[in-house]
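A.B. asks: Read off the chains here:
Number of protein chains: 2
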Amino acid sequence: MDLLAKFREIQEKQKSYQYVLNIIGWDSATEAPGAAFPRRAKMLQFVTGELFKLGVNEEYQQAVYGLFEQLDTLEDSVQREIKKAKKALDKLTKIPENEFVEYQTLVGLSQRLWEEAKEKNDWDMFKGNLEKLVDYNRKFITYFDTDKEAYDVLLDDYEEGMDMFKYDKFFNTLKKDLVPFVRKVLKEGKPLDKDFTLDFFEANKQKEFCEYLIDVLDFDRTKGLMKESVHPFTWNTHPSDVRFTTRYLENFVFSSIFAAIHELGHATYEQQIDEKWNETGLSGGTSMGIHESQSRFYENVIGRSREFWEVHYPAFKELFPEQLKDVTLDDFHRATNKVEASFVRVEADELTYPLHIMLRYEIERMLFSNEIEVDDLPRVWSEKMVEYLGIEPKDYADGVLQDVHWSAGLFGYFPTYALGSAYAAQFYYTMMKEIDIDELVRTNKIKDINKWLKEKIHQFGSSKNPEELLVDITGEKFNPKYYVKYLIEKYTKLYL
Amino acid sequence: MDLLAKFREIQEKQKSYQYVLNIIGWDSATEAPGAAFPRRAKMLQFVTGELFKLGVNEEYQQAVYGLFEQLDTLEDSVQREIKKAKKALDKLTKIPENEFVEYQTLVGLSQRLWEEAKEKNDWDMFKGNLEKLVDYNRKFITYFDTDKEAYDVLLDDYEEGMDMFKYDKFFNTLKKDLVPFVRKVLKEGKPLDKDFTLDFFEANKQKEFCEYLIDVLDFDRTKGLMKESVHPFTWNTHPSDVRFTTRYLENFVFSSIFAAIHELGHATYEQQIDEKWNETGLSGGTSMGIHESQSRFYENVIGRSREFWEVHYPAFKELFPEQLKDVTLDDFHRATNKVEASFVRVEADELTYPLHIMLRYEIERMLFSNEIEVDDLPRVWSEKMVEYLGIEPKDYADGVLQDVHWSAGLFGYFPTYALGSAYAAQFYYTMMKEIDIDELVRTNKIKDINKWLKEKIHQFGSSKNPEELLVDITGEKFNPKYYVKYLIEKYTKLYL
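Protein chains in written order, with the working numbering: chain A, 1 to 496; chain B, 1 to 496.
It should be emphasised that the hints constitute simulated quantities derived from the structure, not laboratory data.
Among the clues, some could well be false.
Because identical chains cannot be distinguished in the list, a pair is counted as satisfied if it fits within a single copy or across any two copies.
[Claimed, not checked] Straight line, CA to CA, 16 Å or less: simulated EDC-like cross-link-like pairs of lysine to aspartate or glutamate:
no.	residue 1	residue 2
1	K13	E50
2	K87	E279
3	K227	E31
4	K194	E340
5	K227	D27
6	K42	E275
7	K42	E9
8	K42	E12
Note that this is a predicted model, so its numbers are computed, not measured.
If we strip away everything but chain A, and leave its shape as in the complex, we get (with noise of 0.2 Å):
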C-alpha cells in the first residue's frame, strides 16, 4: 500500500476515535449526570489509549515522515496536511514519554488546585504548580528542532504564522492609539442614562428569545443545535452537526443573548465548511484567531449594531415589557456597548477587551523571555491595569487567578482573542465594499452575510491558512489599523 493510502487509512480510524469521544464531551458538558464521572473516566481509558496509539505508532510515523520527505511530489492541500501531521506528531514522540505523562498529571491537578485557589484568593497556593506548568513548557520546546525562540513557537502553536514580531507591532499599535482613546471615553463618554440591565428577566423567556435570535441569523438547525451550559461554547463534529450553548443569568440577561450570537458565529463557521475537507486533515475552522473572527463579528458588529435592534428591539421588548417599559432603543442599543474600566477580561467590554488582552501577552512574553519569573505576577499584573484601565486589582481572584488557561499550560493562547477582533475588522472593512452590511441588518437579510463569509472565509476549513485569507480578501496581510479604526470610529460615535 502507498503511503499516501496509509495515511488515510489510520486517519481514518483517528477520526473515528476522535468522533465517538467528541460525541460523549458534548454528553459531559450538557447534561451528564455528576455520578456518571468515574465511571466514564474509567470505559474511555481504553478508547483514548487506543487513539493515541493510533497516533504515533510506527506505521503511522512511516507514512508521515515518509510522505514529509517526497512533500514536493505532493498536491498542494496534501502538503499542508502532511506538514500539520508532522508538527504533531513531532510533539508526541519528541518529548519523553514519562514526561508528557508527567505533564498530563501536573495540568490535571492544577487546574483543580487554581480552582480552589481562586475560590480562596490565594496566590501562593498556586504559583508553585504554576512555575512547573512554565518549566515543563520552556524544556518541552527545546526539544523540538527549531531555532525559534520560545515563546514565538507557542504563539505560532495557537496561530499558524504569528510571533512577537507582528504581535508587538500588533498591540504597539494598540497602546499608541487605543490606550488614550480609552482612557479618553472613560473620562469624558457620555453617561448611560438607565441601567436596566441587572435587573430580573425570566429565564424560559430569555430562552425563548435566543432562539428566536439563531433564526434570526439563519442558522441551520437541520444541522445543529442550541443547548445551556455553565460555560458558552461551540462543539463540532462535522459540518453536519455543530452545536452551541449559551447560559441564561436571571440577573444578567446580556449574557445569554451576547453568548448565543458568539457561538453562533463561530457555529456558523464550522457549519459552511466543505464537507470535502472531512476527508482530510484540513477539517474545521484554521485557526483560534480567525474562528475569533468569526463569533466577534457575529456578536459585535452584527448583534451590537443599532440596526439590529431596530428590528429586534420590539420582540425583545414585547417578552418583558414591565422591565423596559421606559427603555427607549436608544438606550437599549447604548446598554449593549457599555464601556467600563473593569477587572475581569470574561466580563469586559469590546473597547477596553484588547488591554486585557495586551497585558497577558507582555507577561507571557517576558515569562518566556525570562525577563520575569512567577513571583513577579502579582506585581506586575497590577502595574499594567493601572497603566492601561487606570484600575488596581484588589485581590488575587480578579487579579492574576482569574484565568483557566495558565493552570491548563495554555501559554500564547490570550493573544489570538483580540487578534480575532482585529481580523474581524480587517474583514469589515473589504465587506463593506462589497455587499451592505447595516442594510441586510436592517432589513433581516443576514443570510446573505452568512453568505458572503462562506464564499470567502468558511468554505475553506483549514485548507488556507489565517495570512492567505487575509491576503485573498483583504489584499493585504494581518494590519491593526483597521481594528484600531473600527473601534475609534463605533465609540467615537457613541460616547464622544
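Got chain A; can you put chain B on it based on the hints?
C.D. replies: Below, chain B without anything else, positioned relative to chain A:
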C-alpha cells in the same frame, strides 16, 4: 495469563466500546440533528467493527469455551456469566458470516419498509420481507446445538427459562379467567362521567409536573435525568448514569405522565443495581420480563392508584385549573384507569393489554410450529381480535402492521410484556404482606417502596434469573393466578 483473566481483559474492552456506542445511541435518540446521521453511520463503522471482532476473536473464544469446559471449578456467579457468554458466542459463531450479514441488512431494510407499509396500510408491500425474516429465524435455530422446539429457543432468548409449556399455562389462565371478565367490564362497567383527557394541556406545564413526579418517586437525579423523545425509553450505562425519556402530547396529557412513571420504573431498577456487577457480565436488569414488572409496578400499581392521586392531584390541578375545574379526584382517578376495547397495543389500558399480547403469542407460536404461514396473519389476527376483544380491525395499520417488532426480527419478545405485569402482581401480593404500599403512597414515602425493591430485586442485577427471584421472594415459581386476581379485584372495584 489464565483463562479467566483473559476473559476479563477482553470483556473490559468490549464494555468500553459498548459504553461509547451507548452514549452515542442516547444522543441519536434524544437530540442529534437530522443531518448528522450519514456522517455518524460512517464514523461508527470502525468502532462497531472493532467491538464485533472482540466478540468473536480466537483468544476470546478460547477463554469462553475453555472456561465452559471447567465450569464446575468456578464460583456460581462466574458460572452464570460464562454460560451467558457462551450462548452469545454460539450465536455469533455458529451462524455463517454471510448469512449473518445478509440478515442484518434484511432487518435494516425491513424496518424502513415496515414504516412505509404501515403508513400506506399496505400489507402486500411488507409480507415478503416478513416471510424472509421468519425463514432466517427458523434456519438460524437449526444451527444451534439444541433439541428444543424452534419457538422455545426464541422464547428463552427474551426471557431466560420460559418456554411454550409455561406460556401456554399462563395464557390459558388468562383466556379462561380474564377474557370473560374483560367482556363483562366492557359490557356492564359504569362509564366514565367526564372525558377531559383529550383536552389541551400545555407541554411546558406537563413537563413541570413530570419533573415534580420524578422527585415524588424519589429518583436519584445525581445519577440520572429525564429528557424528551418521540418514543419514550430508558437508557443506562451503569447504575451511576441512568436516563429516561417521556413525550409531551398536548392533546393527551396522560401520555407524558404515565410514560414518565413507567420509564422511571425501569430506571429505578437500573439505578439500584449493585455496582459490583458492572465489572462482570451480570450487569443490568436480569430479563425483559423482570424489567417490565418494575416499570408496570410503578406505572399501574403506584401511578394509577387512588392513594397516589389523593396526594398529587392537587398539584396537578394547580397547574391546569381551567381544564380540571369540574373534574373531581374520583373522576380523575377513574380516568387514569379507563378501560376500552381498542385496536392498538401501545394505546391499550392495563386490563385489556394482556389480551393484545396473547393474540401475538398465539400467532408467533403457530408461525414457528409451521401451523400457519405469514400469508395467514391478517386473517388470524382479525379472528382473534374478535374473539378476545370483540372488535375487528378495519385496516392493516391498526392490525397486523401496527408493531415494529417483527420488522426488526424480534419473535418471542412480545410475551415478556404480559409476563412483566404478571410478575409484578406476584411480587405485589408478597410485598403487601411486608410493607403497607397504600399507606406509603398516601404518606408520600415512595422511598421505602424503592428500598424494598432494591433489597429484594434490584441489587442483584443479572446475578439471579427470573425464576430465582420469584422463588426467593414469593416462595413459589411463576404463577399467573396472582395477575388475574389483581386485575379482577382492581377493576371490579372500579367498574362493577
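A.B. asks: Are the hints correct? Go through all of them and say.
C.D. replies: Results of checking the hints against the structure:
In the homo-oligomer, the alpha carbons of K13 and E50 lie at most 16 Å apart both inside one protomer (10 Å) and across protomers (11 Å), since each shortest distance falls under that limit. Proximity of K87 and E279 under a CA criterion of 16 Å is satisfied in neither setting, with 19 Å inside one chain copy and 40 Å between copies. With identical chains, the CA atoms of K227 and E31 are at most 16 Å apart both within one copy (10 Å) and between copies (10 Å). For a Cα distance limit of 16 Å, the shortest separation of K194 from E340 inside one copy, 15 Å, qualifies, whereas the shortest one across copies, 63 Å, does not.
Both within a single protomer and between protomers do K227 and D27 lie at most 16 Å apart by alpha-carbon distance, with minima of 11 Å and 13 Å respectively. Taking the shortest Cα distances, K42 and E275 sit within 16 Å of each other only across copies (14 Å), while inside one copy they are farther apart (33 Å). For the identical chains of this complex, K42 and E9 are inter-copy neighbours only, at 14 Å across copies versus 28 Å inside a copy, given an alpha-carbon limit of 16 Å. For a Cα distance limit of 16 Å, the shortest separation of K42 from E12 across copies, 10 Å, qualifies, whereas the shortest one inside one copy, 25 Å, does not.
In summary, the structure is inconsistent with hint 2 from the numbered list given earlier, while agreeing with all the others.
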